[in-house]
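K.L.:
One letter stands for each residue in the lines below.
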Amino acid sequence: MSSINYTAMSYQELRRYFLTHRDDNAAFQAYLARRRERSRPVITTVNDPDFDSKIQASIRQQIAEYQSGNAG
Amino acid sequence: MPTDSQLGCLYRISYHLTYRMLQPIHLVCIDGRTQNLYVLEGQNEEIEFEVTPNGEVL
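Residue numbers (the working numbering), protein chains in the order written: chain A, 1 to 72; chain B, 1 to 58.
Treat the hints as calculated values from the structure; they're not laboratory data.
Values in this document were obtained by computation on a predicted structure and should not be read as measured data.
We put the beta carbon where it would ideally sit given N, CA and C, even for glycine.
Any given hint might turn out to be false.
Only part of the chain B face toward chain A is listed, based on derived beta-carbon distances under 10 angstroms [as the list claims (entries may be wrong)]:
| hint | residue |
| --- | --- |
| 1 | Arg12 |
| 2 | His16 |
| 3 | Pro24 |
| 4 | Val28 |
| 5 | Cys29 |
| 6 | Gly32 |
| 7 | Asn36 |
| 8 | Tyr38 |
| 9 | Glu41 |
| 10 | Gln43 |
| 11 | Thr52 |
| 12 | Leu58 |
Below, a list of computed lysine to aspartate or glutamate pairs in the EDC-like style, where the Cα atoms sit at most 20 angstroms apart [as the list claims (entries may be wrong)]:
| hint | chain 1 | residue 1 | chain 2 | residue 2 |
| --- | --- | --- | --- | --- |
| 13 | A | Lys54 | B | Asp31 |
| 14 | A | Lys54 | B | Glu48 |
| 15 | A | Lys54 | B | Glu56 |
| 16 | A | Lys54 | B | Glu50 |
| 17 | A | Lys54 | A | Glu65 |
Facing chain B, according to a computed beta carbon distance under 10 angstroms, are these residues of chain A, among others [said to hold, decoys possible]:
| hint | residue |
| --- | --- |
| 18 | Asp23 |
| 19 | Arg36 |
| 20 | Arg40 |
| 21 | Ile43 |
| 22 | Gln56 |
| 23 | Arg60 |
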């Protein structure tokens with residue numbers, strides 16, 4: 001049994017925690033559960049002719065969001 | 001096991017991440033509750049994608 005209270009952590013804290021505790025599967029499952037609570041937009045679909053450009057744009061956007069979060 | 005649609009998306013996402021953008025991939029797995037394929041990537045582990053069984057990328 002784990003004594004870690006995952007619900008007390010923020011989304012980012014929980015992500016940081018499971019990344020640094022890779023053997024703690026319960027932490028990762030708690031993170032996935034947290035992700036499922038969030039509605040996320042569809043970026044693209046498998047047969048979209050613009051699949052590649054949309055994936056590249058999303059990668060750039062996620063990197064930029066991380067960097068702006070760190071800067072602030 | 002992932003679906004053919006998920007595998008096709010995973011290849012193309014992986015190609016862009018590793019070959020075009022030079023980003024590492026840290027974790028690939030299926031979320032047992034949703035059956036979505038989950039991928040965690042990035043130099044700072046800051047990039048995530050999910051692919052639904054019918055090939056929608058979230």
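K.L.:
Next step is simple, just say for each hint if it's right about the structure.
P.N.:
These are the hints, each one checked on the structure:
{"no.": "1", "hint": "Arg12", "verdict": "holds (6 angstroms)"}
{"no.": "2", "hint": "His16", "verdict": "holds (5 angstroms)"}
{"no.": "3", "hint": "Pro24", "verdict": "violated (12 angstroms)"}
{"no.": "4", "hint": "Val28", "verdict": "violated (13 angstroms)"}
{"no.": "5", "hint": "Cys29", "verdict": "holds (9 angstroms)"}
{"no.": "6", "hint": "Gly32", "verdict": "holds (9 angstroms)"}
{"no.": "7", "hint": "Asn36", "verdict": "holds (9 angstroms)"}
{"no.": "8", "hint": "Tyr38", "verdict": "holds (7 angstroms)"}
{"no.": "9", "hint": "Glu41", "verdict": "holds (8 angstroms)"}
{"no.": "10", "hint": "Gln43", "verdict": "holds (8 angstroms)"}
{"no.": "11", "hint": "Thr52", "verdict": "holds (9 angstroms)"}
{"no.": "12", "hint": "Leu58", "verdict": "holds (4 angstroms)"}
{"no.": "13", "hint": "A:Lys54 with B:Asp31", "verdict": "violated (23 angstroms)"}
{"no.": "14", "hint": "A:Lys54 with B:Glu48", "verdict": "holds (14 angstroms)"}
{"no.": "15", "hint": "A:Lys54 with B:Glu56", "verdict": "holds (12 angstroms)"}
{"no.": "16", "hint": "A:Lys54 with B:Glu50", "verdict": "holds (14 angstroms)"}
{"no.": "17", "hint": "A:Lys54 with A:Glu65", "verdict": "holds (16 angstroms)"}
{"no.": "18", "hint": "Asp23", "verdict": "violated (13 angstroms)"}
{"no.": "19", "hint": "Arg36", "verdict": "holds (6 angstroms)"}
{"no.": "20", "hint": "Arg40", "verdict": "holds (4 angstroms)"}
{"no.": "21", "hint": "Ile43", "verdict": "holds (5 angstroms)"}
{"no.": "22", "hint": "Gln56", "verdict": "holds (6 angstroms)"}
{"no.": "23", "hint": "Arg60", "verdict": "holds (8 angstroms)"}
Violated hints, listed in ascending order, are 3, 4, 13, 18; each of the other numbered hints is respected by the structure.
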